[in-house]
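Q: So the chains spell out like this:
Number of protein chains: 2
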Amino acid sequence: MTTAGPGRPRLTKQRRPGPTAQAEILDAAAELFTTRGFASTSTRQIAEVVGVRQASLYHHFSTKDHILAALLEKTVSAPLELANRLAGRDESAAVRLYALILFDSGQLMSGRWNLGALCLLPELRTERFARFRRERQLLCVQYEALSAAVLDQLGAGDAAGRAGLPFRIVETVINERSDAETVWDTETEGSAPGGVDSPALLADAGLRVLGWTDVESLRAPSEQLLSAAAT
Amino acid sequence: MTTAGPGRPRLTKQRRPGPTAQAEILDAAAELFTTRGFASTSTRQIAEVVGVRQASLYHHFSTKDHILAALLEKTVSAPLELANRLAGRDESAAVRLYALILFDSGQLMSGRWNLGALCLLPELRTERFARFRRERQLLCVQYEALSAAVLDQLGAGDAAGRAGLPFRIVETVINERSDAETVWDTETEGSAPGGVDSPALLADAGLRVLGWTDVESLRAPSEQLLSAAAT
Numbered sequence: 024m025t026t027a028g029p030g031r032p033r034l035t036k037q038r039r040p041g042p043t044a045q046a047e048i049l050d051a052a053a054e055l056f057t058t059r060g061f062a063s064t065s066t067r068q069i070a071e072v073v074g075v076r077q078a079s080l081y082h083h084f085s086t087k088d089h090i091l092a093a094l095l096e097k098t099v100s101a102p103l104e105l106a107n108r109l110a111g112r113d114e115s116a117a118v119r120l121y122a123l124i125l126f127d128s129g130q131l132m133s134g135r136w137n138l139g140a141l142c143l144l145p146e147l148r149t150e151r152f153a154r155f156r157r158e159r160q161l162l163c164v165q166y167e168a169l170s171a172a173v174l175d176q177l178g179a180g181d182a183a184g185r186a187g188l189p190f191r192i193v194e195t196v197i198n199e200r201s202d203a204e205t206v207w208d209t210e211t212e213g214s215a216p217g218g219v220d221s222p223a224l225l226a227d228a229g230l231r232v233l234g235w236t237d238v239e240s241l242r243a244p245s246e247q248l249l250s251a252a253a254t
Numbered sequence: 024m025t026t027a028g029p030g031r032p033r034l035t036k037q038r039r040p041g042p043t044a045q046a047e048i049l050d051a052a053a054e055l056f057t058t059r060g061f062a063s064t065s066t067r068q069i070a071e072v073v074g075v076r077q078a079s080l081y082h083h084f085s086t087k088d089h090i091l092a093a094l095l096e097k098t099v100s101a102p103l104e105l106a107n108r109l110a111g112r113d114e115s116a117a118v119r120l121y122a123l124i125l126f127d128s129g130q131l132m133s134g135r136w137n138l139g140a141l142c143l144l145p146e147l148r149t150e151r152f153a154r155f156r157r158e159r160q161l162l163c164v165q166y167e168a169l170s171a172a173v174l175d176q177l178g179a180g181d182a183a184g185r186a187g188l189p190f191r192i193v194e195t196v197i198n199e200r201s202d203a204e205t206v207w208d209t210e211t212e213g214s215a216p217g218g219v220d221s222p223a224l225l226a227d228a229g230l231r232v233l234g235w236t237d238v239e240s241l242r243a244p245s246e247q248l249l250s251a252a253a254t
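First to last, the sequence lines map onto chains A and B.
With positions in the first sequence counted from 1, the corresponding number in the numbering used here is that position plus 23.
With positions in the second sequence counted from 1, the corresponding number in the numbering used here is that position plus 23.
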């Protein structure tokens, strides 16, 4: 361990998944933040779990806040990039919105840790997280623009703020995962709430709340769009 | 302050709203937990904010976990009581579900603090919070039963888990409030996401995700039902 400073090969076996030391630190921090809590986790504990010295950790992230910011930015960067690409496509707004929900809820469901659960931390209200808040806000704007276009097409208008709903529906993945990860005493507590675990179910819901009824017709074209937009 | 032990009138002026010392403690704790974080708040800080001695606080709540449990139980007890009363009513499942969403999202929106934001804390996964989890689960079961009945009436079935969606849609109030309470740098960050701030909008959404299109027809009867069920 004494030679595990920045840049040097460490002597312990790799304990966390990831191609770089930085990725290993992020994975360990994500587990500790989501299972023990952000405030209750120290950088010393993160370094211990990764199997590196604290000095080595500080080489990559100067504070615990920087680690949290990097983790949170990961939850919005890919969907935001897709949303920006979708904005230039010719498919209907309904197909593009359906595709964005499929992708975004899929990545929130499949990430190794339920990072979205960290979004409600009061600690995020500081300057340190301004970049994350800005990117999340840009993503939200894309959701609302697509939703407003769908409402327009349906002649529904948006006096009542309905265009904000699809973004919120994607975020329900976070609560669903949090409940699924809680160990329930099934004898006294019954099974965990919910069971909403498919991106298509949420994409259907995101379009239905706007008043779009024929959601089945959007599935195939939105999956084609995702394949096309990925390349 | 030296005479402010359990049962004795305290010498400082009341600082927090509430008819009892217990209510004042809960209000102060709710503010600190939701604005600074649960792990970052000590019982000493709560006692200071209320203006009582720590010994007096322990007279009402033996640990910080007991305070959190009491706060969380408040978020589910009223909607659960309403759901139980609605279960015995003759109105259609759609009207009853609409009424439950109106009431539940209304109370989540109007509480002085955004207590729902505490639901994702990893600390809740312990035995101490079993009662809260059980009551929340019972509430979820009522939502799912009403939703399944609406799907039945529409001949839609529930192979894809759609019946779990209305409960999740009500929970979106929590994220909405959390974003609204964040101080946004509007110059670089734009305005806060969303604007979903009406119980009727969420009740509409809860029915629409099940495939119910004529949501307008449910508003008047569900408001009548709420008045009737309240007495």
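No wet-lab data here; the hints were simulated from the structure.
Please note that the accuracy of each hint is not assured.
As the list claims (entries may be wrong) - Output of the computed footprint for chain B on chain A, the stretches with three or more beta carbons under 8 Å from beta carbons of chain B: (1) 50–59; (2) 66–75; (3) 122–134; (4) 137–149.
To be verified - Partial list, derived from the structure: chain B residues whose beta carbon lies under 10 Å from chain A: (5) K97; (6) T205; (7) T236.
Ideal placement from N, C-alpha and C gives every residue a C-beta, glycine not left out.
Q: Checked against the structure, which of the hints given earlier come out wrong?
A: 2, 3, 5
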